[in-house]
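Add chains L and Y to chain A, keeping to what the hints say.
Okay, here's what each chain looks like letter by letter:
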Amino acid sequence: MNADFLPIFTRSAEAVGCSVDTAETMDVARTKVIQILQSYSAKVVWMWTTPLLKSMNLEEELLDSGITFVSGKAGEIHLWEQGEVGITEVDYGIAETGTMVLGGGAGRPRSASLLPSIHLGLLPVSRILPSLKSFFHLNHSAFKSNTFFFITGPSRTADIEQTLTLGVHGPRRVHILLLAFS
Amino acid sequence: MRVSLFVTCIIDYLFPQVGVAVVKTLQKLGVEVVFPMEQTCCGQPAFNYGYRDEARRVARHCLKALEKSECVVCPSGSCTAMIRHHYSELFENEPEFQKKSQEIACRTFEFTEFLTRVMKTSFLREVTRTATEKKEKVCYHDSCHLSRELGIREEPRALLRHLPGIEVVEMEKADECCGFGGLFSAYLPEVAGAIADGKIDSILKCSASSVVACDMGCLMHLHGRIARRKLPIQCLHIAEVLTKWMGE
Amino acid sequence: MPIHFRNNSVRALSDEFLQSALRRTGTHFRQGRNRAVEATPDWEELRSRAHEIKKEVIHHLNFYLTQLIENVERKGGHVHQARTAEEACRVVEGIARSHRVQTIVKSKSMVSEEIELNAHLQKAGFYVVETDLGEFILQLAGEKPSHIIAPAVHKSREQVAMLFAQKLGLPEEMARETSIEALTEIARKYLRGKFLQAEVGVTGVNFAVAETGTLVIVENEGNARFTTTYPKVHIALMGIEKIIPRWEDLSIFLTLLPRSATGQMMTSYVSFLNGSRGEDEEDGPVELHLVLLDNGRSKMLKHPLLQQTLYCIRCGACLNFCPVYQTVGGHAYGGVYSGPIGAILTPQMQGFPHALPLPYASSLCSACADVCPVKIPIPQILLSLRYQSRKSDTLPFRSNFPLERLAFYSWSVLLSSPWLYRWIFPLLLRFSWLLSHPLFSRVAPAILSSYLKEHALPSLPSKSFYQRWKEYER
Numbered sequence: 001m002n003a004d005f006l007p008i009f010t011r012s013a014e015a016v017g018c019s020v021d022t023a024e025t026m027d028v029a030r031t032k033v034i035q036i037l038q039s040y041s042a043k044v045v046w047m048w049t050t051p052l053l054k055s056m057n058l059e060e061e062l063l064d065s066g067i068t069f070v071s072g073k074a075g076e077i078h079l080w081e082q083g084e085v086g087i088t089e090v091d092y093g094i095a096e097t098g099t100m101v102l103g104g105g106a107g108r109p110r111s112a113s114l115l116p117s118i119h120l121g122l123l124p125v126s127r128i129l130p131s132l133k134s135f136f137h138l139n140h141s142a143f144k145s146n147t148f149f150f151i152t153g154p155s156r157t158a159d160i161e162q163t164l165t166l167g168v169h170g171p172r173r174v175h176i177l178l179l180a181f182s
Numbered sequence: 001m002r003v004s005l006f007v008t009c010i011i012d013y014l015f016p017q018v019g020v021a022v023v024k025t026l027q028k029l030g031v032e033v034v035f036p037m038e039q040t041c042c043g044q045p046a047f048n049y050g051y052r053d054e055a056r057r058v059a060r061h062c063l064k065a066l067e068k069s070e071c072v073v074c075p076s077g078s079c080t081a082m083i084r085h086h087y088s089e090l091f092e093n094e095p096e097f098q099k100k101s102q103e104i105a106c107r108t109f110e111f112t113e114f115l116t117r118v119m120k121t122s123f124l125r126e127v128t129r130t131a132t133e134k135k136e137k138v139c140y141h142d143s144c145h146l147s148r149e150l151g152i153r154e155e156p157r158a159l160l161r162h163l164p165g166i167e168v169v170e171m172e173k174a175d176e177c178c179g180f181g182g183l184f185s186a187y188l189p190e191v192a193g194a195i196a197d198g199k200i201d202s203i204l205k206c207s208a209s210s211v212v213a214c215d216m217g218c219l220m221h222l223h224g225r226i227a228r229r230k231l232p233i234q235c236l237h238i239a240e241v242l243t244k245w246m247g248e
Numbered sequence: 001m002p003i004h005f006r007n008n009s010v011r012a013l014s015d016e017f018l019q020s021a022l023r024r025t026g027t028h029f030r031q032g033r034n035r036a037v038e039a040t041p042d043w044e045e046l047r048s049r050a051h052e053i054k055k056e057v058i059h060h061l062n063f064y065l066t067q068l069i070e071n072v073e074r075k076g077g078h079v080h081q082a083r084t085a086e087e088a089c090r091v092v093e094g095i096a097r098s099h100r101v102q103t104i105v106k107s108k109s110m111v112s113e114e115i116e117l118n119a120h121l122q123k124a125g126f127y128v129v130e131t132d133l134g135e136f137i138l139q140l141a142g143e144k145p146s147h148i149i150a151p152a153v154h155k156s157r158e159q160v161a162m163l164f165a166q167k168l169g170l171p172e173e174m175a176r177e178t179s180i181e182a183l184t185e186i187a188r189k190y191l192r193g194k195f196l197q198a199e200v201g202v203t204g205v206n207f208a209v210a211e212t213g214t215l216v217i218v219e220n221e222g223n224a225r226f227t228t229t230y231p232k233v234h235i236a237l238m239g240i241e242k243i244i245p246r247w248e249d250l251s252i253f254l255t256l257l258p259r260s261a262t263g264q265m266m267t268s269y270v271s272f273l274n275g276s277r278g279e280d281e282e283d284g285p286v287e288l289h290l291v292l293l294d295n296g297r298s299k300m301l302k303h304p305l306l307q308q309t310l311y312c313i314r315c316g317a318c319l320n321f322c323p324v325y326q327t328v329g330g331h332a333y334g335g336v337y338s339g340p341i342g343a344i345l346t347p348q349m350q351g352f353p354h355a356l357p358l359p360y361a362s363s364l365c366s367a368c369a370d371v372c373p374v375k376i377p378i379p380q381i382l383l384s385l386r387y388q389s390r391k392s393d394t395l396p397f398r399s400n401f402p403l404e405r406l407a408f409y410s411w412s413v414l415l416s417s418p419w420l421y422r423w424i425f426p427l428l429l430r431f432s433w434l435l436s437h438p439l440f441s442r443v444a445p446a447i448l449s450s451y452l453k454e455h456a457l458p459s460l461p462s463k464s465f466y467q468r469w470k471e472y473e474r
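Residue numbers (our numbering), protein chains in the order written: chain A, 1 to 182; chain L, 1 to 248; chain Y, 1 to 474.
Read the hints as simulated data drawn from the structure, not as lab findings. Remember, it's a predicted structure, so these values are computed and weren't measured experimentally. We treat Cβ as the ideally placed atom computed from N, Cα and C, and that holds for glycine. Watch out, some of these pointers could steer you wrong.
To be verified - In silico DMTMM-like pairs for lysine to aspartate or glutamate, Cα to Cα no more than 20 Å straight-line:
1. Y:Lys-189 - A:Glu-84
2. L:Lys-64 - L:Glu-92
3. Y:Lys-391 - L:Glu-94
4. Y:Lys-453 - L:Glu-190
5. Y:Lys-232 - A:Glu-76
6. A:Lys-54 - Y:Glu-281
7. Y:Lys-189 - A:Asp-64
8. Y:Lys-470 - L:Glu-154
9. Y:Lys-167 - Y:Glu-181
10. A:Lys-133 - Y:Glu-248
11. A:Lys-43 - A:Asp-64
12. Y:Lys-463 - Y:Glu-473
13. A:Lys-144 - Y:Asp-283
14. Y:Lys-453 - L:Asp-197
15. L:Lys-24 - Y:Glu-471
16. Y:Lys-391 - L:Glu-89
17. A:Lys-144 - Y:Glu-248
18. Y:Lys-302 - Y:Glu-56
19. L:Lys-173 - L:Glu-154
20. A:Lys-144 - Y:Glu-211
21. Y:Lys-189 - A:Glu-76
22. A:Lys-144 - Y:Glu-279
23. A:Lys-133 - Y:Glu-404
24. Y:Lys-144 - Y:Glu-116
25. Y:Lys-194 - A:Asp-64
26. Y:Lys-232 - A:Glu-81
27. L:Lys-24 - Y:Glu-473
28. Y:Lys-470 - L:Glu-38
29. L:Lys-100 - L:Glu-89
30. A:Lys-144 - Y:Glu-70
31. Y:Lys-463 - L:Glu-38
32. L:Lys-230 - Y:Glu-454
33. Y:Lys-302 - L:Glu-92
34. L:Lys-244 - L:Asp-197
Stated by the list, open to error - Beta-carbon label-pair distances, calculated as ranges:
35. Y:Pro-353 - L:Ala-227: 15 to 23 Å
36. A:Lys-43 - Y:Leu-196: 16 to 24 Å
37. A:Tyr-40 - Y:Ser-98: 41 to 49 Å
38. L:Lys-137 - Y:Lys-391: 44 to 52 Å
In isolation and in its complexed conformation, chain A is listed as follows (with noise of 0.2 Å):
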């Protein structure tokens, strides 16, 4: 785990079509998330509930900014359908393929990567690994017991006369917001 893979991980999560942006402090982080949210004139938006996202206070910005919230338990799918950004915390960071790695658990739903238009990843660069190998040899019983998935740009598929079109099913933008700070 070393953020000397991060021009490594930028440079393959851009290639495959994601945004990617860094936040320096807590604060910058918090603004950031606003600016790219606003980029996309993004009104309501679906956020997981993790420790870290919770930490970052983000629910008082974001509704001074005008933008709004929806939550929702299982099955309210017509609830969760109305966000138009999913926000969620990264687990990993696979350098050489530019690939997030999201694992699942409470306040972690896998519709929050999958429903919404646009996917922003919050990613600590202290998470940022080398390599599959290096993703696969962490011995990380978690993963093994856990229904977890990798995601590595936007929904694409070529399957109309090999044309590249992204958001097929899931999001069509994927954005990576990397937290240099610990």
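Quick look at chains L and Y alone, frame taken from chain A:
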């Protein structure tokens, strides 16, 4: 050095001039060439078509014909690969012939392989004697068995580059199949023809006046299509090009 | 009924759209794969290791199957073993019935094509929706996939637009909407509705880790994620050969698969499914079923060479590099699996004489073996299958190729006797002018005259090399 020429059935009866060119090239380099008169074919057509008993019958004879040779040179990547790689499988239940086939395989060389790996230094000296003329553009086609089964890709190109009157141009997808595949081209003539057309289009695109290869099978197939399409491309075995530039 | 490879290929050759689609797709996939391989310095080592791992799995298949079943069950999954296609279909039907469902969504799965699951479920009264865009298009058109990775490669955007307008009940003017983005958007909206409405989701499996019971699904569109998130029941179908022993092996296979298939360093999504929805999770299926399909696979284990067919990870690289596939497309192979892998898999699953032409649908150029990420010796397997197809006892009709057999027999006798060879061959050549005589084409076997239509014969020499050598020696 003395070598036995395994000329292959296709050169023997359809393209004897290629066999002559091979002999001339080797003799120019001071190699003594002998021709084992008993030789016929390596048995590949039957092997590739699934008739292994028949292939074995021919292969046994081939081994007998080449048995006494100190070193065998064969102007075909495909036939060399048959002897080197497939005889062992063919004789898996006949240890005596399997052993014999392995012995012969280890002293059998494809023509350009022999020139570049065994005869290396003397060959270069020989070629540089020829005077430069207006350069002729040729492209090289990698026949599949030579490149993939024997791993010979750069050697023939290097030989061609040494010739003062030749400019070697690379065609696109030089290592893709020409569509011959032995009886494949008779089994699926339309497909074989379409694959050859793709290859010929690559040749046209690189504006070479000749396509050079080390296997008469590919060249016969390509020539057949080129002649049908009435195109001005010559199909030459590398030995024909070499003798031409080595002078009389 | 036997597959008519030659007729199919002649048809494919005259299909201009198919030809241009094949050229475009082939070039695109080949370049992508080559670039990705260049960017992977230890590529060859990874291939060798993947080959060894697959060998290990196949040699200990029952052991790892038992381990996988235990671990999937430990995580709350239900495991079903199906010996035949029919059995697998019935298992899926049974699960769907027990939940009284109507709509079933499916993500792309070659195994489901192999067992013809859709037809079975539809006959049983279920509404089945394919959700991979390519498969969705094919389902509307009532066709089979023509490429493992790009199933609808043979369809033009105009054809897709027409299909959408006709089959999705869209207004007529929609048929004129042929921008690919707009068509994709139509599919997105339509299928999103189906995902949220379906009660059962059926997917394939790319890798199943025996050690942990993890099912891995690799995809780009996200439809497999939808299929495994919203329906309350997830049914995963896999051939028994898809097992890999250890968790760490995933790093090798997830490096090899996307790079070989599409040239991506990684696909957009990889799902690692460990059982059904966890207790603390808010979404995901509440029930997971894994159907393990044999369908002739364990029969293939007997032969040390042929069993390597089961190493395949379905990347499609052999198709993209095969000169024959690139010329005729997937439908010519007359089955679910096409290209070089289809040419060795279909004969072993469906037998001869049905699949007789397939092992011969190759020039034996070995390009497939060069690119196969798990190093399946496809050309050797083709040769072995050709041998088996010609051994008379494998065929129900012993005299299936009497003339061919006679020809090869005489040829071998001729060529193993130098005296006969040197006497008869020149004689044959002397009469070869007959081949180009106009009368010949009327009496010659059709295949020979077609060959001559495509290819000119070389002009024949007056003397063989043998004769010239004899003169030279004198």
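Against the range 41 to 49 Å, how does the distance between the Cβ atoms of Tyr-40 of chain A and Ser-98 of chain Y compare: consistent or not? holds (44 Å)
Does Glu-76 of chain A sit within 20 Å of Lys-232 of chain Y, going by the straight-line distance between their CA atoms? Holds. Lys-232 of chain Y to Glu-76 of chain A sits at ~14 Å (cutoff 20 Å).
CA of Lys-144 of chain A to CA of Asp-283 of chain Y, is that 20 Å or under? Holds, because 19 Å separates the two Cα atoms, which is no more than 20 Å.
Taking only the CA atoms, is the gap from Lys-244 of chain L to Asp-197 of chain L under or equal to 20 Å? violated (28 Å)
Tell me if the straight-line CA distance from Lys-463 of chain Y to Glu-38 of chain L falls inside 20 Å. Holds, at roughly 17 Å.
Lys-167 of chain Y paired with Glu-181 of chain Y [C-alpha distance capped at 20 Å]: holds (19 Å)
Is the Cα-Cα distance between Lys-463 of chain Y and Glu-473 of chain Y 20 Å or less? Between Lys-463 of chain Y and Glu-473 of chain Y the Cα gap is close to 15 Å, so the pair holds against 20 Å.
Does Glu-248 of chain Y lie within 20 Å of Lys-133 of chain A when you go C-alpha to C-alpha? With Cα atoms ~8 Å apart, Lys-133 of chain A and Glu-248 of chain Y stay inside 20 Å; holds.
Tell me if the straight-line CA distance from Lys-189 of chain Y to Glu-84 of chain A falls inside 20 Å. holds (15 Å)
Given hint Asp-197 of chain L paired with Lys-453 of chain Y - CA-CA distance at most 20 Å: With Cα atoms ~14 Å apart, Lys-453 of chain Y and Asp-197 of chain L stay inside 20 Å; holds.
Hint consistency between Lys-470 of chain Y and Glu-38 of chain L [alpha-carbon to alpha-carbon, up to 20 Å]: Holds, at roughly 12 Å.
Hint check: Lys-230 of chain L vs Glu-454 of chain Y, CA-CA at most 20 Å. Holds or violated? Answer holds: Lys-230 of chain L to Glu-454 of chain Y is near 12 Å, not above 20 Å.
The structure is inconsistent with the numbered hints 7, 8, 23, 25, 34, 35, although it conforms to all the rest.
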